[in-house]
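With chain U fixed as given, assemble chains A and H onto it according to the hints.
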Amino acid sequence: MYFAGVDIGSTMTKVVIMDEAVLACVIGPTGAEHRRLANKVMEEALRQANLSFDEISYVVATGYGRISVPFADKQITEITCHAKGVSSLFPTVHTAIDIGGQDAKGIKIADGRVVGFVMNDKCAAGTGRFLEVIADDLGLRLEEMGELSLNSKNRVEISSTCTVFAAQEVVSRIAEGTPIEDVLAGLHEAIASRVFRMVERLKIERDVVVTGGVAKNIGVVKALEEHAGFPVLVPEEPLLTGAVGAALLGKELTLNALESGRPIERGARRLEEATFFK
Amino acid sequence: MSEQKNPEATQEVPKRTSAKKWTESARKVRGLVRDMYVRAFTEGKPVAWVMFTLANELFVAMDVVPVYPENFAGLCATKRVGNPFIDRAEADGFSNVSCSYARIGLGYAALWKDMGEIPSFAPDGGMAKPIMMVGSSLVCDTRYKWFQTYSRYMDVPYYAFDMLGPPAATAYRPDVREQYIKYNLAQLQGLVSFMEERLGKKMDWDKLDEIVRRGEKTYVLWYDAYMLAGGAVPCPFPAEDSFNCFFPAFFMMGEVEALDFYQGLYDEIKYKVDNKIGSIPEEKYRLLWGGGLPPWHTMQIFNYVEEQGAVFVFQSTYLPLRFADVPDRITDPLERMVHSRYEAAISRAELDRKLGLFDLCNFVGLGNPLLFVDEFKVDGVVMHWLRSCRGTTIGQVYQKNLLEERSNLPTLFLESDMCDVRDYFEADWKVKLSAFLETLEARKRAGS
Amino acid sequence: MAKGLDWAKRLYENRSQRAKELREEGKKVIGYICAFPPRELITAAGLVPYRITGTLEPIAEADAYLETLMCPYVRSCLDLGIKKQYDFVDGMIWPHTCDNIQKTFDIWKHYVPHSYFHYLDVPHMPDPSSFEFFAKELDVLKGSLEEFGGVKITEECLKEAIGVHNENRALLRQLTGLRKQAPPLISATEMTQVMMAAMSIPVYESNEMLKNIIEEVSTRKDGPQNKATRLLIYGCEIDDIAFINLVEECGANVVIDDLCMGTRDYWKDVVMEGDPLKNLAHRILGEIMCPRTFRRSRGTRQQDLDNRFSYIRDFAKEFNVNGAILYIIRYCDTFEFDAPEVRDYLEEAGIPVLHLEDDYSLTSIQGYKTRIQAFLEMIE
Numbered sequence: 001m002y003f004a005g006v007d008i009g010s011t012m013t014k015v016v017i018m019d020e021a022v023l024a025c026v027i028g029p030t031g032a033e034h035r036r037l038a039n040k041v042m043e044e045a046l047r048q049a050n051l052s053f054d055e056i057s058y059v060v061a062t063g064y065g066r067i068s069v070p071f072a073d074k075q076i077t078e079i080t081c082h083a084k085g086v087s088s089l090f091p092t093v094h095t096a097i098d099i100g101g102q103d104a105k106g107i108k109i110a111d112g113r114v115v116g117f118v119m120n121d122k123c124a125a126g127t128g129r130f131l132e133v134i135a136d137d138l139g140l141r142l143e144e145m146g147e148l149s150l151n152s153k154n155r156v157e158i159s160s161t162c163t164v165f166a167a168q169e170v171v172s173r174i175a176e177g178t179p180i181e182d183v184l185a186g187l188h189e190a191i192a193s194r195v196f197r198m199v200e201r202l203k204i205e206r207d208v209v210v211t212g213g214v215a216k217n218i219g220v221v222k223a224l225e226e227h228a229g230f231p232v233l234v235p236e237e238p239l240l241t242g243a244v245g246a247a248l249l250g251k252e253l254t255l256n257a258l259e260s261g262r263p264i265e266r267g268a269r270r271l272e273e274a275t276f277f278k
Numbered sequence: 001m002s003e004q005k006n007p008e009a010t011q012e013v014p015k016r017t018s019a020k021k022w023t024e025s026a027r028k029v030r031g032l033v034r035d036m037y038v039r040a041f042t043e044g045k046p047v048a049w050v051m052f053t054l055a056n057e058l059f060v061a062m063d064v065v066p067v068y069p070e071n072f073a074g075l076c077a078t079k080r081v082g083n084p085f086i087d088r089a090e091a092d093g094f095s096n097v098s099c100s101y102a103r104i105g106l107g108y109a110a111l112w113k114d115m116g117e118i119p120s121f122a123p124d125g126g127m128a129k130p131i132m133m134v135g136s137s138l139v140c141d142t143r144y145k146w147f148q149t150y151s152r153y154m155d156v157p158y159y160a161f162d163m164l165g166p167p168a169a170t171a172y173r174p175d176v177r178e179q180y181i182k183y184n185l186a187q188l189q190g191l192v193s194f195m196e197e198r199l200g201k202k203m204d205w206d207k208l209d210e211i212v213r214r215g216e217k218t219y220v221l222w223y224d225a226y227m228l229a230g231g232a233v234p235c236p237f238p239a240e241d242s243f244n245c246f247f248p249a250f251f252m253m254g255e256v257e258a259l260d261f262y263q264g265l266y267d268e269i270k271y272k273v274d275n276k277i278g279s280i281p282e283e284k285y286r287l288l289w290g291g292g293l294p295p296w297h298t299m300q301i302f303n304y305v306e307e308q309g310a311v312f313v314f315q316s317t318y319l320p321l322r323f324a325d326v327p328d329r330i331t332d333p334l335e336r337m338v339h340s341r342y343e344a345a346i347s348r349a350e351l352d353r354k355l356g357l358f359d360l361c362n363f364v365g366l367g368n369p370l371l372f373v374d375e376f377k378v379d380g381v382v383m384h385w386l387r388s389c390r391g392t393t394i395g396q397v398y399q400k401n402l403l404e405e406r407s408n409l410p411t412l413f414l415e416s417d418m419c420d421v422r423d424y425f426e427a428d429w430k431v432k433l434s435a436f437l438e439t440l441e442a443r444k445r446a447g448s
Numbered sequence: 001m002a003k004g005l006d007w008a009k010r011l012y013e014n015r016s017q018r019a020k021e022l023r024e025e026g027k028k029v030i031g032y033i034c035a036f037p038p039r040e041l042i043t044a045a046g047l048v049p050y051r052i053t054g055t056l057e058p059i060a061e062a063d064a065y066l067e068t069l070m071c072p073y074v075r076s077c078l079d080l081g082i083k084k085q086y087d088f089v090d091g092m093i094w095p096h097t098c099d100n101i102q103k104t105f106d107i108w109k110h111y112v113p114h115s116y117f118h119y120l121d122v123p124h125m126p127d128p129s130s131f132e133f134f135a136k137e138l139d140v141l142k143g144s145l146e147e148f149g150g151v152k153i154t155e156e157c158l159k160e161a162i163g164v165h166n167e168n169r170a171l172l173r174q175l176t177g178l179r180k181q182a183p184p185l186i187s188a189t190e191m192t193q194v195m196m197a198a199m200s201i202p203v204y205e206s207n208e209m210l211k212n213i214i215e216e217v218s219t220r221k222d223g224p225q226n227k228a229t230r231l232l233i234y235g236c237e238i239d240d241i242a243f244i245n246l247v248e249e250c251g252a253n254v255v256i257d258d259l260c261m262g263t264r265d266y267w268k269d270v271v272m273e274g275d276p277l278k279n280l281a282h283r284i285l286g287e288i289m290c291p292r293t294f295r296r297s298r299g300t301r302q303q304d305l306d307n308r309f310s311y312i313r314d315f316a317k318e319f320n321v322n323g324a325i326l327y328i329i330r331y332c333d334t335f336e337f338d339a340p341e342v343r344d345y346l347e348e349a350g351i352p353v354l355h356l357e358d359d360y361s362l363t364s365i366q367g368y369k370t371r372i373q374a375f376l377e378m379i380e
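Protein chains in written order, with the working numbering: chain U, 1 to 278; chain A, 1 to 448; chain H, 1 to 380.
Isolated chain U (complex conformation) (with noise of 0.2 Å):
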């Protein structure tokens, strides 16, 4: 049987395929506005796979567009996807942190299930969008933030937390002559420290396991790491754990209908793309 987990996410859409190892993984452009783009990368990943959208078995999709594709069976937040992408991938994991483009969350895990979790979807300041607007402003490849920042021999301190106010910041520091490598280890620090912040409120436990597209991100991983006061676990593709966590889901929920002989719930899905009004 073939499960496939969707992730939607404002900017980055991915899509896993699997039976009992993963068959195809796929991240692609979610597309602007209307998540139009989103059943490409299923088709993409279908491709890959070698397999027909019918000979999917359960679909289930996450994140941000979640609800508004019409190709799954069951929309499950992000939060419970996560967390049980990231038990897969790191038995040990009491604490995930997944920091993306447009949002952060801290989830705490015990046995592979939700236990507690929290999110800043409001403020950009703890978020990916905070490096690409400074990424933008400086001229610089998001991708080479980080080992940048690791050159720093004197970080300074941005206070602001604003993201917008740290960005002025940040070229008027550089204006004054601050080499550019403290200025970015201080932006590493500050995301750090706001999403960490936020975590806390979880009682962090070890092992901690950070996701996301920013998981990718050297600097701020080491920043973590220093708040966290040991050594913080990241998979090598930061970006799938949702999408992983969601086709293992629609498996379990698929698995326990058959033990337990009850019917599996269908949604009524078609491979198409989302429209506006659903």
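Just so you know, the hints here were simulated from the structure itself, not pulled from any lab data. The reader is advised that the hints may include incorrect statements.
[To be verified] For lysine-lysine, the following DSS-like pairs were computed, each having C-alpha atoms within a straight-line distance of at most 30 Å:
id	chain 1	residue 1	chain 2	residue 2
1	U	Lys216	U	Lys122
2	U	Lys216	H	Lys369
3	H	Lys109	A	Lys182
4	H	Lys28	H	Lys159
5	A	Lys430	A	Lys20
6	H	Lys20	H	Lys109
7	A	Lys79	U	Lys203
8	A	Lys79	A	Lys20
9	A	Lys354	H	Lys109
10	H	Lys268	H	Lys159
11	A	Lys432	A	Lys20
12	A	Lys430	U	Lys122
13	H	Lys152	A	Lys182
14	U	Lys222	A	Lys113
15	U	Lys40	H	Lys369
16	A	Lys79	A	Lys45
17	A	Lys217	A	Lys182
18	H	Lys142	A	Lys182
19	H	Lys159	A	Lys182
20	A	Lys113	U	Lys203
21	U	Lys216	U	Lys153
22	U	Lys74	H	Lys221
23	U	Lys203	H	Lys369
24	H	Lys317	U	Lys203
25	H	Lys109	H	Lys84
26	A	Lys182	H	Lys278
27	A	Lys129	A	Lys207
28	U	Lys153	A	Lys79
29	H	Lys159	H	Lys27
30	A	Lys79	A	Lys129
31	U	Lys74	H	Lys369
32	H	Lys268	A	Lys182
33	A	Lys129	U	Lys203
34	H	Lys152	H	Lys28
35	U	Lys122	A	Lys432
36	A	Lys377	A	Lys20
Then chains A and H, alone, in the frame of chain U:
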């Protein structure tokens, strides 16, 4: 139990943020503040954590060292070490809009509990362990809610009492007067009973009487000094000094030192006024701080505007209470305390009535800048919105609207918090203040 | 014409309609904010009590009169006042229940013209001296209502009014009791509509309406569907169905509440024997379980917490809930201080909690959907 790193290891070295002061008296205050914390550890007397409740006299009379966590929060903010405490409190689920004094105070107790000892970055050695806590409803809700939550971290009995004030419209009615005085008195008596129980001894009423009467004299000196300074040209006592000098009145009332302090302050101001000694070399603009707690995190901002020729001649946030004389027939010290506070409310209300503001309900709430702008020859008013203080923020827009209607004075709103430095954007403040001064300059040139 | 649930829903959409009609007929309407002012006195004076509420509409006018860094609910009420939406209200009773309400009194009075304004001071402590003070304060209020209404409120008349309002509360409790079943016979969304309607019409009409609704709902076939999760919702001023509806749409039955527009308002009655003003004081100050009233307790921390919060745990058990949502409005100081304690108290009693802080206007529905859904997934 959270596996978190010891917060002090991630601490930045605090910058100096406090203001340079102009008067001898203001410069003495830091020492008095330090003494409050040190005494609590060294004098071997029972310690109480107290909210500002206008009842300090009771603690002095019963030989208790009062420690004021809201002052501690201000001190932490000045040294820029408040935020680790705030973070700890918020980690427990307290909101970032709840009073930052409370967040610092609660975070302090939480970290103390977590670490098994007082965090080493706590200024002046921190707050010593109390045997009782006292709060009241005076001024705002946080003042009786905050300490109620301490039981999460410390096992110390807490007593809260009510202190209500009538609206100006009914404060004069004899029956209303009687109703309020009776209630406030009963509430104070409840506090005394609690203290007697905790301390295992009775109140020394003669001693209290002496202390209360000393306090009454102190209040008069405090009021006279501040009012004398406000009207003086040039200004001998700018707001940064004035904000500091409220400390003995709020937190040491009844002590001989407080009386001596305000006598000294009065003498100093009188001397300066008589000899036309001001502060800054050229007073281009006289400003009024018209509302909101000061930015304890960056009091230097007052020096910033002074560099541009502007001086805050008065602040109406911590207004001295002008007690009318309490009649001699009232001999019970608690009654004298209640009467004098009620009289202070009436006299405030009288001033509001004179301005045609009949029904203001601000008993020890916002000072009304309208009362001072003409007398103190003010060019402009600055007010401070605080994210975490409802008590001194609500009503500022109203005050501004009244100022515009009645006096045509320009008003500037600055926004931050009294302690939480995350809400403060210095570049923004500097730009706004400079622009405001340019406005005042333009008005001057236009002859308005 | 059925004057039951349908009528309540229509009233919810247009809350002032009945009060405006009565005004045309020559009646006077007295508005009040919060659950504390005694409606009984208004009724006894022959006036129409009307509960002032806000709206989820964006605040347009209030910013020019009131700062943004304060309770958005009170701001919204003022906004409506400035927009002249409360012109049909002849007068206001303004209680000193919390800082946000108290400190807006002057501003409302200055900018929203009414012919009657009364500031009702409310002690924060529940001591004998507090009850005495408050009874006197109610007496002062009684005097001013008598003057405005041109009547004398006799003791009998007041007792009668108290009786009718007690009946009103009893009917609301009875209706609430129908939510104990699985599925509950009335949804939380409908309950909010009923409550809002009940507080915008005279108490006699309210009682009639409630009796009809109880009958209707007891035998209905079109009630809420049974969901796996039963929730309790704790908070302050929820006067709009948007949030509660969202929770129910996410797939839960909200079967009981502890809200200012809910059980907090009507759970206890006024004692009938004895001095009515003293009894009114006792109900308001002693029996309305709101964080703004300081509950004294000596003893251990656990005893203190039980004294303050055991009633919430008891609600949860009685109504068989499997989770609770704390819906706290940002800048609501008293509730924000209690929230971590309530959260921990319920969790220790085995009730999982979702602690949300909102700005009252529900600007980010998507965000709430995710949190609520994740919570439901967590506890199922």
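A quick look at each hint next to the structure:
no., hint, result
1, Lys216/U x Lys122/U, "22 Å, holds"
2, Lys216/U x Lys369/H, "28 Å, holds"
3, Lys109/H x Lys182/A, "28 Å, holds"
4, Lys28/H x Lys159/H, "21 Å, holds"
5, Lys430/A x Lys20/A, "18 Å, holds"
6, Lys20/H x Lys109/H, "21 Å, holds"
7, Lys79/A x Lys203/U, "28 Å, holds"
8, Lys79/A x Lys20/A, "15 Å, holds"
9, Lys354/A x Lys109/H, "18 Å, holds"
10, Lys268/H x Lys159/H, "16 Å, holds"
11, Lys432/A x Lys20/A, "22 Å, holds"
12, Lys430/A x Lys122/U, "27 Å, holds"
13, Lys152/H x Lys182/A, "28 Å, holds"
14, Lys222/U x Lys113/A, "28 Å, holds"
15, Lys40/U x Lys369/H, "26 Å, holds"
16, Lys79/A x Lys45/A, "28 Å, holds"
17, Lys217/A x Lys182/A, "24 Å, holds"
18, Lys142/H x Lys182/A, "20 Å, holds"
19, Lys159/H x Lys182/A, "28 Å, holds"
20, Lys113/A x Lys203/U, "15 Å, holds"
21, Lys216/U x Lys153/U, "22 Å, holds"
22, Lys74/U x Lys221/H, "29 Å, holds"
23, Lys203/U x Lys369/H, "24 Å, holds"
24, Lys317/H x Lys203/U, "28 Å, holds"
25, Lys109/H x Lys84/H, "13 Å, holds"
26, Lys182/A x Lys278/H, "17 Å, holds"
27, Lys129/A x Lys207/A, "26 Å, holds"
28, Lys153/U x Lys79/A, "25 Å, holds"
29, Lys159/H x Lys27/H, "21 Å, holds"
30, Lys79/A x Lys129/A, "22 Å, holds"
31, Lys74/U x Lys369/H, "15 Å, holds"
32, Lys268/H x Lys182/A, "29 Å, holds"
33, Lys129/A x Lys203/U, "26 Å, holds"
34, Lys152/H x Lys28/H, "16 Å, holds"
35, Lys122/U x Lys432/A, "27 Å, holds"
36, Lys377/A x Lys20/A, "24 Å, holds"
Going down the numbered hints, you'll see the structure goes against none, and every one checks out.
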